[in-house]
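Full structure from sequences and hints, please.
Residue numbers (numbering that gives the first Met the number 0), protein chains in the order written: chain A, 0 to 250; chain B, 0 to 250; chain C, 0 to 250; chain D, 0 to 250.
Since the hints were made in silico from the structure, they are not lab data. Model, not experiment: these values are computed from the prediction. Think of the CB as a built atom: it goes at the ideal place given N, C-alpha and C, for glycine as much as any other residue. A hint or two may mislead.
Quick list of simulated restraints, FRET-style, between CB atoms [said to hold, decoys possible]: (1) ASP75(B) <-> THR202(C): 37 to 47 Å; (2) LYS45(A) <-> PRO133(D): 24 to 34 Å; (3) GLU26(A) <-> LYS45(D): 35 to 45 Å.
Residue-level listing of the chains:
4 protein chains.
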Amino acid sequence: MGPSNDVALIVGGGPGISSSCARLFAESGMRVGIAARDPDKPVLQKLEKAHGVHRYACDAAQPAAVESLFQNVVRDLGPPTLVVHNIDGRTLDIFRKPIADADPSLVLETLRNSAFSAFLVGQQAARLMRENEPNASGTKGTIIFTNASAALKGFPLSGAFAMACQAKAGLAESMARELMPQGIHVANVPIDAAIGWRQEDGTRAHRLAGVAVDDNMADPDRIAEAYLQLHRQHRSTWAFEVVLRPWVEKW
Amino acid sequence: MGPSNDVALIVGGGPGISSSCARLFAESGMRVGIAARDPDKPVLQKLEKAHGVHRYACDAAQPAAVESLFQNVVRDLGPPTLVVHNIDGRTLDIFRKPIADADPSLVLETLRNSAFSAFLVGQQAARLMRENEPNASGTKGTIIFTNASAALKGFPLSGAFAMACQAKAGLAESMARELMPQGIHVANVPIDAAIGWRQEDGTRAHRLAGVAVDDNMADPDRIAEAYLQLHRQHRSTWAFEVVLRPWVEKW
Amino acid sequence: MGPSNDVALIVGGGPGISSSCARLFAESGMRVGIAARDPDKPVLQKLEKAHGVHRYACDAAQPAAVESLFQNVVRDLGPPTLVVHNIDGRTLDIFRKPIADADPSLVLETLRNSAFSAFLVGQQAARLMRENEPNASGTKGTIIFTNASAALKGFPLSGAFAMACQAKAGLAESMARELMPQGIHVANVPIDAAIGWRQEDGTRAHRLAGVAVDDNMADPDRIAEAYLQLHRQHRSTWAFEVVLRPWVEKW
Amino acid sequence: MGPSNDVALIVGGGPGISSSCARLFAESGMRVGIAARDPDKPVLQKLEKAHGVHRYACDAAQPAAVESLFQNVVRDLGPPTLVVHNIDGRTLDIFRKPIADADPSLVLETLRNSAFSAFLVGQQAARLMRENEPNASGTKGTIIFTNASAALKGFPLSGAFAMACQAKAGLAESMARELMPQGIHVANVPIDAAIGWRQEDGTRAHRLAGVAVDDNMADPDRIAEAYLQLHRQHRSTWAFEVVLRPWVEKW
Numbered sequence: 000m001g002p003s004n005d006v007a008l009i010v011g012g013g014p015g016i017s018s019s020c021a022r023l024f025a026e027s028g029m030r031v032g033i034a035a036r037d038p039d040k041p042v043l044q045k046l047e048k049a050h051g052v053h054r055y056a057c058d059a060a061q062p063a064a065v066e067s068l069f070q071n072v073v074r075d076l077g078p079p080t081l082v083v084h085n086i087d088g089r090t091l092d093i094f095r096k097p098i099a100d101a102d103p104s105l106v107l108e109t110l111r112n113s114a115f116s117a118f119l120v121g122q123q124a125a126r127l128m129r130e131n132e133p134n135a136s137g138t139k140g141t142i143i144f145t146n147a148s149a150a151l152k153g154f155p156l157s158g159a160f161a162m163a164c165q166a167k168a169g170l171a172e173s174m175a176r177e178l179m180p181q182g183i184h185v186a187n188v189p190i191d192a193a194i195g196w197r198q199e200d201g202t203r204a205h206r207l208a209g210v211a212v213d214d215n216m217a218d219p220d221r222i223a224e225a226y227l228q229l230h231r232q233h234r235s236t237w238a239f240e241v242v243l244r245p246w247v248e249k250w
Numbered sequence: 000m001g002p003s004n005d006v007a008l009i010v011g012g013g014p015g016i017s018s019s020c021a022r023l024f025a026e027s028g029m030r031v032g033i034a035a036r037d038p039d040k041p042v043l044q045k046l047e048k049a050h051g052v053h054r055y056a057c058d059a060a061q062p063a064a065v066e067s068l069f070q071n072v073v074r075d076l077g078p079p080t081l082v083v084h085n086i087d088g089r090t091l092d093i094f095r096k097p098i099a100d101a102d103p104s105l106v107l108e109t110l111r112n113s114a115f116s117a118f119l120v121g122q123q124a125a126r127l128m129r130e131n132e133p134n135a136s137g138t139k140g141t142i143i144f145t146n147a148s149a150a151l152k153g154f155p156l157s158g159a160f161a162m163a164c165q166a167k168a169g170l171a172e173s174m175a176r177e178l179m180p181q182g183i184h185v186a187n188v189p190i191d192a193a194i195g196w197r198q199e200d201g202t203r204a205h206r207l208a209g210v211a212v213d214d215n216m217a218d219p220d221r222i223a224e225a226y227l228q229l230h231r232q233h234r235s236t237w238a239f240e241v242v243l244r245p246w247v248e249k250w
Numbered sequence: 000m001g002p003s004n005d006v007a008l009i010v011g012g013g014p015g016i017s018s019s020c021a022r023l024f025a026e027s028g029m030r031v032g033i034a035a036r037d038p039d040k041p042v043l044q045k046l047e048k049a050h051g052v053h054r055y056a057c058d059a060a061q062p063a064a065v066e067s068l069f070q071n072v073v074r075d076l077g078p079p080t081l082v083v084h085n086i087d088g089r090t091l092d093i094f095r096k097p098i099a100d101a102d103p104s105l106v107l108e109t110l111r112n113s114a115f116s117a118f119l120v121g122q123q124a125a126r127l128m129r130e131n132e133p134n135a136s137g138t139k140g141t142i143i144f145t146n147a148s149a150a151l152k153g154f155p156l157s158g159a160f161a162m163a164c165q166a167k168a169g170l171a172e173s174m175a176r177e178l179m180p181q182g183i184h185v186a187n188v189p190i191d192a193a194i195g196w197r198q199e200d201g202t203r204a205h206r207l208a209g210v211a212v213d214d215n216m217a218d219p220d221r222i223a224e225a226y227l228q229l230h231r232q233h234r235s236t237w238a239f240e241v242v243l244r245p246w247v248e249k250w
Numbered sequence: 000m001g002p003s004n005d006v007a008l009i010v011g012g013g014p015g016i017s018s019s020c021a022r023l024f025a026e027s028g029m030r031v032g033i034a035a036r037d038p039d040k041p042v043l044q045k046l047e048k049a050h051g052v053h054r055y056a057c058d059a060a061q062p063a064a065v066e067s068l069f070q071n072v073v074r075d076l077g078p079p080t081l082v083v084h085n086i087d088g089r090t091l092d093i094f095r096k097p098i099a100d101a102d103p104s105l106v107l108e109t110l111r112n113s114a115f116s117a118f119l120v121g122q123q124a125a126r127l128m129r130e131n132e133p134n135a136s137g138t139k140g141t142i143i144f145t146n147a148s149a150a151l152k153g154f155p156l157s158g159a160f161a162m163a164c165q166a167k168a169g170l171a172e173s174m175a176r177e178l179m180p181q182g183i184h185v186a187n188v189p190i191d192a193a194i195g196w197r198q199e200d201g202t203r204a205h206r207l208a209g210v211a212v213d214d215n216m217a218d219p220d221r222i223a224e225a226y227l228q229l230h231r232q233h234r235s236t237w238a239f240e241v242v243l244r245p246w247v248e249k250w
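Here's what the structure looks like:
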């Protein structure tokens with residue numbers, strides 16, 4: 000199975016890591032699907048036009064929705080060989096709040112959208128990939144969980160996000176220990192940085208307007224490269240956890 | 000505020016760590032409450048008779064129930080100075096299952112019963128404790144989360160438990176960084192062992208009948224001692240994480 | 000073997016943790032020895048007078064000197080049941096220096112004084128303790144390594160100290176895995192703080208004159224208490240690593 | 000500065016990772032030097048003949064020898080842009096020995112050969128690289144420390160190796176925090192596996208004769224690829240620590 004049989008599914012569909020992955024994977028010869036709550040966002044429509052990326056509507060915190068998603072991907076593209084879970088599930092409302100003031104319903108929602116959706120996506124990927132033939136690197140499939148600094152350290156005033164990120168890390172670690180000896184590469188990739196995405200004109204932007212973006216922020220195109228390298232790693236030397244951080248980041 | 004003004008609340012009510020804590024804290028002069036889904040279990044009734052422990056019904060995964068619990072404790076015993084969250088939330092059904100075969104509803108239930116209940120209990124404790132006067136060790140209150148080996152390592156075939164335990168660890172870490180500078184001691188205590196509880200006759204037992212219990216298993220009376228020591232630590236030298244493990248345990 | 004048969008040896012002899020340990024251990028009924036390059040320092044002479052502490056001259060980076068030390072302790076006090084390695088081996092000259100400017104001979108000296116001396120002391124302790132009878136807590140002996148923040152994180156501009164502290168942590172971990180199943184409790188205790196020692200008049204001081212000392216700095220008397228608790232832990236629930244840090248410390 | 004200006008220096012010269020790195024780096028257009036105690040080993044002579052690799056004699060535990068090495072490399076090849084420290088310094092004599100039976104002189108030798116030599120090599124690399132111009136990825140240079148499982152976990156019966164590996168990890172971490180904001184990429188790469196090197200005929204071998212080598216062991220050619228990827232990472236997304244482990248490895 001060469002790259003031309005590679006099928007990538009990216010769950011989570013924003014203009015940052017997801018879009019960079021979709022572009023790079025398509026350019027590398029993969030058939031690519033991308034799933035988002037709203038698959039009609041302009042940024043995703045452009046990916047379809049420019050790169051033939053298939054768009055899927057999916058609330059990844061719903062078991063039935065995730066099951067359908069994978070069935071549709073198999074039908075349209077074939078069984079996935081590379082699945083990226085790229086939802087961090089945080090809402091701005093849960094940040095910078097004392098624990099005493101956090102809204103319990105948002106905390107539970109964060110856990111569901113981030114960690115539970117990671118479980119649902121990972122489970123479907125595992126079910127399908129174990130039936131794949133190993134490729135030239137001995138890999139039946141690769142499952143990558145995008146994670147955040149909070150997976151490495153529980154910062155004050157953001158307990159819910161620490162819970163979600165560390166739950167996702169625990170899931171990834173358990174899955175790696177189970178699935179790697181079956182030929183499925185599982186990776187947890189905490190991005191220890193703000194992300195400045197690439198705009199159409201090649202310049203970069205940050206979700207907070209007016210923030211200067213430079214090499215001080217993680218470049219999602221480079222993150223996508225790292226994911227592709229993980230997917231292509233030979234099974235004699237797999238990396239499970241890779242923390243990516245800009246050169247000037249404090250840690 | 001001396002020990003005689005200490006009020007302890009233990010959330011989770013089994014015959015192991017919770018009972019040992021209730022006994023030791025009561026013997027140390029604290030007023031003690033214990034909360035469980037079923038507060039009428041014989042083991043809890045005995046704690047009431049022998050040690051004056053107050054029993055409370057509470058589903059700790061429900062925000063309103065946890066809020067009521069703390070109000071009732073304040074009314075009956077006064078504001079808590081020591082709160083122990085001792086629910087691991089696992090069901091036997093989620094263990095030793097390949098990720099592909101896990102039941103999503105049990106996974107979500109595990110997250111709710113363990114990690115989300117820890118958030119709810121920790122939040123109520125934080126709200127009340129910040130109003131306490133510091134005791135002789137400079138402590139306004141102590142919040143202890145009992146945790147498990149899975150907080151340290153995501154074992155294969157138990158992804159849901161890894162998620163729950165690491166989420167709880169992340170919560171504890173975030174709370175510690177926020178609350179310790181406010182005089183509230185937060186601790187995460189992974190018990191890296193099977194637990195053999197003490198029966199009425201002083202002998203010890205394990206939940207699986209017929210398993211020999213000895214120093215090879217963690218003794219909940221000793222765990223309770225460690226919790227009391229954490230509560231009494233001076234704020235110039237607080238420990239956040241303490242892993243307790245029997246001498247013969249592999250790690 | 001009760002406390003009255005306890006023999007403590009503290010290697011490293013300053014006015015901070017070593018002195019606090021010597022006082023507390025003696026007050027707890029142990030026979031106590033303390034070893035230092037210069038055992039005639041006034042602070043050690045006072046320990047002898049006030050608490051009957053035996054003083055020993057020892058360069059703990061010299062294999063023969065450490066072997067002699069333990070022979071002399073056995074002769075004078077009996078086989079040790081509690082050994083504390085409390086040398087951090089840093090010199091001010093190795094701090095706050097770019098790696099490019101570090102003096103290689105000081106780096107090697109730091110490794111020898113800190114990590115290699117920890118090996119030598121731990122080795123002699125292990126040789127003797129395995130012959131001890133277990134005490135009431137099932138412990139043949141306790142070996143405690145005082146460590147520092149650099150054991151947890153390699154800070155910039157202090158590479159040599161990071162090397163020494165992490166080497167000591169690695170040694171402690173290897174020894175714990177080997178010796179705990181033989182009844183010898185091994186602990187690594189990073190003190191994540193500046194230490195403000197207690198002076199004769201009860202007030203506290205810091206090695207840099209004019210620095211205000213309060214609960215913001217670790218109190219060596221409290222550290223000694225934590226060590227005694229570790230020594231008395233029952234072997235069903237041993238802690239290996241305990242990080243002690245003041246309530247207001249950033250981490 | 001493109002790849003054609005890249006100068007790689009590999010310190011440590013065996014038939015495994017060092018040889019694979021030398022080959023791959025040379026094939027990628029770099030000028031390559033390799034340093035070993037005995038640079039006349041047949042495996043190194045072949046690298047010279049086949050790939051133009053320069054050979055240097057160096058005892059990397061000697062400050063003056065390491066300083067000379069870098070001067071000679073600058074003279075022959077130019078200032079290095081990629082330096083790999085690939086000495087683990089262990090001798091078979093220090094393994095599988097109870098701590099009580101370890102030979103102190105071998106322990107100190109292991110520390111010197113592994114951790115201290117890493118400091119010496121890292122220091123010279125840092126001195127030179129800070130004068131380099133950044134390449135297209137914004138990198139003035141890359142320093143990679145090969146490490147081992149013992150950097151992650153202190154195994155029983157191998158305390159000296161745990162000390163050496165964790166010291167090296169601490170050094171790498173301190174250097175990364177200092178040097179990355181100056182444009183020098185520092186990486187610690189624990190290989191959590193046995194290594195089966197590639198022989199001339201393409202088959203693989205292990206240092207213990209008769210051990211079957213397959214994907215169960217790390218392939219040094221793949222490790223070299225990972226090093227090259229680290230060197231080429233853009234500075235907006237640098238990885239510091241990458242653990243490489245075969246798919247079937249227990250961890």
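Out of the numbered hints, which ones does the structure contradict? none
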